[in-house]
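Produce the complete structure using the sequences and hints provided.
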Amino acid sequence: MNQRPQKPRITDSTLDHLRVPPHSIEAEQSILGGLLLDNQAWDRMGDMIVDTDFYRDEHRRIFRQIRSLLERAKPADVVTVAEALDAAGEGEQTGGLAYLGELAANTPSAANIKRYAEIVRERSVLRQLVATADEIASDALNPLGRDAETLLDEAESKIFKIAEAGAGHNEGFVHINPLLTQVVERIQELHDRDNPSDITGVPTGFIDLDQKTSGFQPGDLIIVAGRPSMGKTAFALNIAENVAVDSGLPVGIFSMEMGGAQLAMRMLASIGRLNSQSLRTGRMNDDEWSKLSFALGKLHEAPIYIDETGGLSPANLRARARRLARQYGGKLGLLVIDYIQLM
1 MNQRPQKPRI TDSTLDHLRV PPHSIEAEQS ILGGLLLDNQ AWDRMGDMIV DTDFYRDEHR
61 RIFRQIRSLL ERAKPADVVT VAEALDAAGE GEQTGGLAYL GELAANTPSA ANIKRYAEIV
121 RERSVLRQLV ATADEIASDA LNPLGRDAET LLDEAESKIF KIAEAGAGHN EGFVHINPLL
181 TQVVERIQEL HDRDNPSDIT GVPTGFIDLD QKTSGFQPGD LIIVAGRPSM GKTAFALNIA
241 ENVAVDSGLP VGIFSMEMGG AQLAMRMLAS IGRLNSQSLR TGRMNDDEWS KLSFALGKLH
301 EAPIYIDETG GLSPANLRAR ARRLARQYGG KLGLLVIDYI QLM
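Numbered per the numbering used here, the sequence shown spans residues 1 to 343.
Derived EDC-like pairs: lysine to aspartate or glutamate, alpha-carbon spacing no greater than 16 Å straight-line:
#1 K232 x E257
#2 K158 x D134
#3 K212 x D198
#4 K158 x D139
#5 K114 x D38
#6 K331 x D220
#7 K232 x D338
#8 K114 x D47
#9 K74 x D43
#10 K114 x E26
#11 K74 x D38
#12 K158 x E135
#13 K114 x D43
FRET-style restraints, in silico, Cβ to Cβ:
#14 G46 x Q211: 42 to 50 Å
#15 G219 x A98: 51 to 59 Å
#16 G260 x K232: 15 to 23 Å
#17 E118 x T80: 21 to 29 Å
#18 A234 x V130: 44 to 52 Å
I should point out that these hints are in silico values taken from the structure, not numbers from a laboratory.
Ideal placement from N, C-alpha and C gives every residue a C-beta, glycine not left out.
Right, here's the structure in full:
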């Protein structure tokens, strides 16, 4: 009896070879051809993509030479780019004059070059996500002594690095009209409040400061500056206490210099009106123990979170802040970084 021939087995390695990364050769060719035809098109898309966004290596090389010529205010056409590639020893790898002529001939115009750039950038992000996902999977399979929490931090950091790189490719200048619309809508929203108040942001607990600023507004970057040992950390902690205890808003504190327990002790001393030396030595009378109990009660339920990891990068900080915000429905009252030069 004849046996039925077995089908060839498809292995994981075979599937990996079949998995083609996201890309659009046509969009890449249209960008290069459009720039060769119309150098002024660079002004519409030059800040949207970089050479590494291109999938094909020859396209990266050609784009780099076009960019170099245009940034030096020199014409970038089929001939000048071919010469630049030859001078860099990249003529053969890129197809030389023949391929450049083909790019220009097959591109009708540069009218849609901005859309082509968006496509190339999108495919680049997808490729980065695929590569990062593979790295994360590899790290999880081979943690090399790292615990799950560390791997999660690293994974989030890698993903947000991709997002941060994409954030740089924005629209640039925006006409003032849509911004005026946003401002008027915000003013109308404040006017229609049920309980109007001069404090429209997050109150700091310092009356004079709140009157000057109307509270800290969403998106504000506030830098507390001063000479060493002038009370910058104490001032920031006072604001954090007031926001968390009095307003009930979640506060994240990144302490890259002082330990979390030290910060907690300073907050206890502040809220309880206690002498720090008494807390450090434990020599307290009954009145001081009563004040400590009061301060503990205040801070125990306060939504204050302290991260004492040193040397955090902006990507690490953003990942951890987002994670904390998710616990509170995406809303944070305040983030404190002590201090920003240590990032």
